[in-house]
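Add chain A to chain F, keeping to what the hints say.
This is what each chain is made of:
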Amino acid sequence: MIGYIFKRLLYGILVVLIMVTFVFVLMRSVPGDVVTLQLAEAGSVSEEQVDEMKSQLGLDKSIGIQLVVWLTNAVQGDLGNSLWSAQPVVNLIVERLPVTLELTFFSVILAIIIGIPIGVLSAVKHNSFIDHILRVTAVGGLSIPNFWLGLIILLVLSLVFNWIPPLGFKSFSENPIVNFQQMVFPALVLAVTLSASIIRMTRSALLEVLHTDFIRTIRSKGAKERVVIYKHALRNSLVSVITLIGIQIGTLLGGTVVLETIFSLPGLGSLIFESVTIRDYPIVQASVLTFGTMFLLVNLVVDVMYGWIDPRIRNN
Amino acid sequence: MQELQTVEKVILKENTKMFQFKENCRRFIRSNPIGTISIGFILLVILISVLAPIIAPYDPVLQNRQSILIGPNGTHILGTDELGRDVFSRIVYGSRISLLVGFSAVVFSMIFGIFFGVVSGYFGGVIDMIVQRIMDAIMSIPSLILALFIAALLGPAIQNVIIALVIVETPRFARIVRGEMLRIRETNYVEASRSIGSSVFRIIWKHAIPNMGAPIIVLASLAFGQSIIAEASLSFLGIGTPPPNPSWGLMLSDASRFMETAPWLVLFPGLALALCVLAFNLLGDALRDFLDPKISSKK
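As you go down the protein sequences, you meet chains F and A in turn.
Quick note: the first sequence, position 50, residue 50 per our numbering, numbers continuous.
Going from the second sequence to our numbering is simple: count from 1 and add 1000.
Since the hints were derived computationally from the structure, they do not count as laboratory data.
Among the clues, some could well be false.
As the list claims (entries may be wrong) - Listed next, the stretches of chain F that the computed footprint assigns to chain A, with coverage defined by at least 3 CB atoms under 8 Å from CB atoms of chain A:
#1 150–158
#2 254–266
#3 292–300
Built from N, CA and C at the ideal position, the CB exists for glycine as well.
Looking at chain F on its own, in the form it has when it is part of the complex (with noise of 0.2 Å):
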């Protein structure tokens, strides 16, 4: 298992670099280089000083020596500095990361809550009345855009309630109360995609698994439906759903950009958008990649867990 787990590991930084290195060519192969973009936006400037402030940041040598360079400097915690307000890139992730992770924690329980018996009650009652409506109930929040929802719960909010989540962002060792309130309407947003992904998954996972034999044995030895249900049942069909909750994940995180923007969260992913509207690109490189190993790394653990739900996998 350790062994496992050290190989994914290893397997898990060679893809970080591949990252890295992909992220690198993509930024510089671009027309128009970030001196020359910052120093536009500034003015008229001499070819003199364009050289000065390229060799200022490393960008005179070869691309292959500035990843070397950025990648030594990243490994001891210098992810470069921004652009603009000289902050150092590393200090901005920090202080941005928890509130992108809470969102992110939050909107994962409660699409699991959410997601789960909605799947199962699908798949016991399948192609029954109740089966048809949350199919098609499931396919509508996947279709549903996510910026549109946020847009829409804020709009029935202030208008039919008369309240919008309080302003200045308090985190949760603040003032939990004001956090909550913040946090609860783009978490339940992002929820709803992945809970629509798991309704699917559990309810197509349980139907395959209730179709087998050893469930047969189980049914035929008088144990009651709960028990074949949730006992034996849905702990089998658990794998496939939690290799879904790993890949969507990815899509979870790619909206925390767009909602964390509209309800004034000061997380990474509004980090992310305000950085690319000012093109302070030190930042924005960081937090792509910081976004990707976050990813990675959920879908480690996603590999590990696979041995602790299903023995099977563990002994091999």
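Quick look at chain A alone, frame taken from chain F:
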């Protein structure tokens, strides 16, 4: 005489293909009412986008200072926005952008995905390993964030949104095609074809690609919906389609500033967007049920 026979054969062959196609359509309609409605709706949207100049009562970018933020009424059935532009006309023209972006993104990522998937799956070895690792790395970045990053680098323009979405979607196609390729490579008919001396290209073109249609079509339908949402999200953030184009995402972004005084501005473009995506998602599901009974969601 010989010529006549050849002509006859061709006609016969076409007839059977045509017949098969019609028969398949009939079967699809009978077994998938929801899928049929989705196709109908998608065709309707295509029709609307083609006939936009006839259907839209106003110029979508024409500003009118006299009628700013007017609610839905007789002259403007879905109201006007903060610059006095007719919302209905903008939604009608907006369908062009959504369909254009969705279509181009899907077609190009399908072509690239098939290329990388086939190369990776057929040749295997080092090539496979390199291609797969790169695809893994791309897929490890949440797709909206990668699209945002690329679109921001390239600057706001419709073609840049398409490029960003193609980069994001290609690995998904490549992964599916690779899996299919690995399966097909080991089949008896490929073995047979290889043994009579068919070239690699012939095997790939004549045997492999035609046999991986089902999963690709299903993915294409779902990717179409996802691309439409992604375009709207990017435009909403101001990194996608530039103003004054009537992109649905851009309309929602403008609308969010006048939400409380003009809620219809938020409602209608979002509804158009959600319905379009819903139609593609339902179609994807229906195609999966129809083309691959083994993984049917109905059971």
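Against which earlier hints does the structure fall short, listed by number upward?
none
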